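Undergrad: Listed below are the residues making up each chain.
Number of protein chains: 2
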Amino acid sequence: MEYFEDSAEASLKCQNLSLTRKSDKRGRFSKVSLNLYVALVHYPVVNKNGDVITSAVTNLDLHDIARAAKTYGIKSFYVVTPLVDQKALVEKIVSHWTEGLGARYNPKRREALELIRIEETLQKVVEDIRKSCSVSPKTVVTSAKNGFRRLSYGNFRGLLKNGKPYLLVLGTAWGLSDSFIAGADYVLAPVKGPADYNHLSVRSAAAIIIDRLMADETC
Amino acid sequence: MEYFEDSAEASLKCQNLSLTRKSDKRGRFSKVSLNLYVALVHYPVVNKNGDVITSAVTNLDLHDIARAAKTYGIKSFYVVTPLVDQKALVEKIVSHWTEGLGARYNPKRREALELIRIEETLQKVVEDIRKSCSVSPKTVVTSAKNGFRRLSYGNFRGLLKNGKPYLLVLGTAWGLSDSFIAGADYVLAPVKGPADYNHLSVRSAAAIIIDRLMADETC
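Here the protein sequences come in this chain order: A and B.
With the working numbering, the residue at position 72 of the first sequence is 72, and numbering never jumps.
With the working numbering, the residue at position 215 of the second sequence is 215, and numbering never jumps.
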């Protein structure tokens with residue numbers, strides 16, 4: 001697998017794309033806007049028994065991941081659900097904070113939730129990014145399961161340097177389905193601590209992964 | 001400020017304390033249990049106008065931070081509130097997941113929520129840790145505000161190597177009150193991304209900080 005691809009194909013049309021990138025000695029980026037997008041997927045995911053289901057949208061997932069996305073310069077945060085009523089719920093939450101009373105009560109929350117886009121499928125997310133970047137994003141999925149060849153955080157940071165768009169895909173419930181994972185370009189290394197316990201919330205996992213990829217401080 | 005204190009005073013009684021510590025070349029710990037405790041404080045914190053208030057307990061704060069604490073080998077996760085009804089609420093939530101139906105439905109959640117302790121004040125937290133470690137923990141508070149001399153993540157990792165207990169103190173609402181911060185031993189560097197936006201949820205900030213301090217992978 002070649003992580004450091006030729007960047008010549010990278011589209012200059014991609015929003016806010018800067019080709020003058022500075023990175024510190026550990027490969028971290030400083031004060032540079034990169035083309036990382038995040039998607040939170042509610043189908044196809046699995047429940048605790050391994051059955052493929054459509055999960056319900058959780059309000060705090062939207063807030064927490066949007067705030068982390070805004071903090072680290074993520075381009076857009078896509079909420080993916082095929083259910084009409086769930087899409088309507090997300091639209092209602094987002095409009096409350098971006099246009100309604102919430103926007104006046106807490107303008108900082110507005111800035112974060114403005115990053116949210118709602119799509120029915122991951123394919124539609126990919127198409128939406130391709131429209132603004134003129135190139136489809138590579139998809140990088142997360143899974144706490146073993147059994148996949150993994151992209152390390154350092155190599156993902158290296159990939160981001162090539163100027164092309166990347167889409168980090170997070171699963172809700174007990175995680176993305178195996179067939180969905182198999183269709184991705186990369187499977188990211190799981191977030192692990194020293195303890196033998198890998199049951200972080202998707203909100204916590206999102207925050208940690210985005211920090212590992214995008215923080216401009218040494219950690 | 002001397003971060004690398006003499007470890008001779010460190011108590012051998014501290015639970016699970018191991019004096020044979022291994023760390024990688026970046027100072028990260030591998031497979032070693034350290035004496036880091038976490039407290040989530042609901043008083044004294046400030047609201048958006050800067051008034052000192054007592055905040056309400058948020059259910060998902062308990063779950064998310066307990067799960068991150070379990071993942072990274074945190075010793076205990078203290079929920080601090082002086083309000084009798086809020087203490088009762090936390091006790092009810094914790095007992096549901098550690099002894100009630102929740103424990104049978106999701107044993108992994110039980111493992112995490114078993115780390116939760118409830119105390120009225122930070123002073124009582126400090127006393128509780130002193131009882132098990134025979135030495136009071138140093139307190140490290142978090143604040144997104146500017147104006148404090150900051151402990152870096154690298155230096156905090158260095159401190160943890162000395163074998164003594166440390167208590168990471170997180171504020172809810174709009175953060176810990178200034179007088180509370182002034183009484184702490186250290187103020188940790190804020191979590192910042194490349195964007196000029198520092199409004200992470202306390203759940204996300206907790207996950208990122210604990211990962212930066214305790215992850216055994218290079219990131």
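None of these hints come from the bench; they were simulated from the model.
Where hints are given, some of them may not hold.
DSS-like, lysine-lysine: derived pairs with alpha carbons at most 25 Å apart [to be verified]:
(1) B:108 with A:192
(2) B:192 with A:192
(3) B:145 with A:108
(4) B:108 with A:48
(5) B:192 with A:108
(6) B:145 with B:48
(7) A:108 with B:108
(8) B:145 with A:145
Selected chain B positions facing chain A (in silico; Cβ < 7 Å) [as the list claims (entries may be wrong)]:
(9) 71
(10) 193
(11) 203
(12) 216
Derived contacts from chain A toward chain B, CB cut-off under 7 Å, selection only [what the hints assert, rightly or not]:
(13) 51
(14) 52
(15) 60
(16) 70
(17) 71
(18) 72
(19) 76
(20) 156
(21) 190
(22) 194
(23) 195
(24) 196
(25) 203
(26) 216
Treat the numbers as computed from the prediction; the structure is a model and nothing was measured.
Note that beta-carbon positions come from the ideal geometry of N, C-alpha and C, so glycine has one too.
Undergrad: Hint by hint, say whether it matches the structure.
TA: Hints versus structure:
Between residue 108 of chain B and residue 192 of chain A, the direct Cα distance comes to roughly 15 Å. Compliance with the 25 Å bound is thereby established for this hinted pair. At roughly 22 Å between alpha-carbon atoms, residue 192 of chain B and residue 192 of chain A fall within 25 Å of each other, so this suggested pair holds. In summary, the hint linking residue 145 of chain B to residue 108 of chain A is supported, as the alpha carbons are separated by about 15 Å, within the 25 Å threshold. Using a Cα cut-off of 25 Å, the hinted pair residue 108 of chain B and residue 48 of chain A holds, with the two alpha carbons roughly 11 Å apart.
In summary, the hint linking residue 192 of chain B to residue 108 of chain A is supported, as the alpha carbons are separated by about 15 Å, within the 25 Å threshold. Note on residue 145 of chain B and residue 48 of chain B: the hinted pairing holds, with a Cα-Cα distance of about 13 Å set against a maximum of 25 Å. Annotation: proposed proximity of residue 108 of chain A to residue 108 of chain B is violated, straight-line Cα distance about 35 Å (limit 25 Å). Using a Cα cut-off of 25 Å, the hinted pair residue 145 of chain B and residue 145 of chain A is violated, with the two alpha carbons roughly 38 Å apart.
Taking 7 Å as the C-beta cut-off, the interface hint given for residue 71 of chain B holds, the closest approach to chain A being about 4 Å. Because the closest C-beta pair between residue 193 of chain B and chain A is about 4 Å apart, less than 7 Å, the hint holds. A distance limit of 7 Å between C-beta atoms decides the matter here; for residue 203 of chain B the minimum to chain A is near 6 Å, and the interface restraint holds. With a least beta-carbon distance of about 5 Å to chain A, the hint placing residue 216 of chain B at the interface is held under the 7 Å criterion.
About 16 Å separates the beta-carbon of residue 51 of chain A from the nearest beta-carbon of chain B, more than 7 Å, and the hint is not met. Taken as an interface hint, residue 52 of chain A does not check out: its beta carbon lies about 19 Å from the nearest beta carbon of chain B, beyond 7 Å. Look at residue 60 of chain A: its Cβ gets to within about 5 Å of chain B, closer than 7 Å, so that hint holds up. With a least beta-carbon distance of about 5 Å to chain B, the hint placing residue 70 of chain A at the interface is held under the 7 Å criterion.
At a threshold of 7 Å, the smallest CB-CB gap from residue 71 of chain A to chain B is about 4 Å, leaving the interface hint in force. At its closest, the beta carbon of residue 72 of chain A sits 4 Å from a beta carbon of chain B; the interface hint therefore holds under the 7 Å criterion. Hint status for residue 76 of chain A relative to chain B: violated, with the closest Cβ pair at about 14 Å, above 7 Å. Among the interface hints, the one on residue 156 of chain A is violated; its C-beta lies about 11 Å from the nearest C-beta in chain B, farther than the 7 Å criterion.
Because the beta carbon of residue 190 of chain A sits about 10 Å from the nearest beta carbon in chain B, more than 7 Å, this interface hint is broken. The beta carbon of residue 194 of chain A comes within 5 Å of a beta carbon in chain B, closer than 7 Å, and the hint placing it at the interface holds. The restraint placing residue 195 of chain A at the interface with chain B holds, with a minimum CB-CB distance near 4 Å, inside the 7 Å limit. At its closest, the beta carbon of residue 196 of chain A sits 9 Å from a beta carbon of chain B; the interface hint therefore is violated under the 7 Å criterion.
The interface hint given for residue 203 of chain A holds, since its Cβ lies 6 Å from the closest Cβ of chain B, which is under the 7 Å cut-off. At about 5 Å, the closest approach between the beta carbon of residue 216 of chain A and any beta carbon in chain B falls short of 7 Å, and the interface hint on this residue holds.
Consistency note: the structure conflicts with the earlier hints numbered 7, 8, 13, 14, 19, 20, 21, 24.
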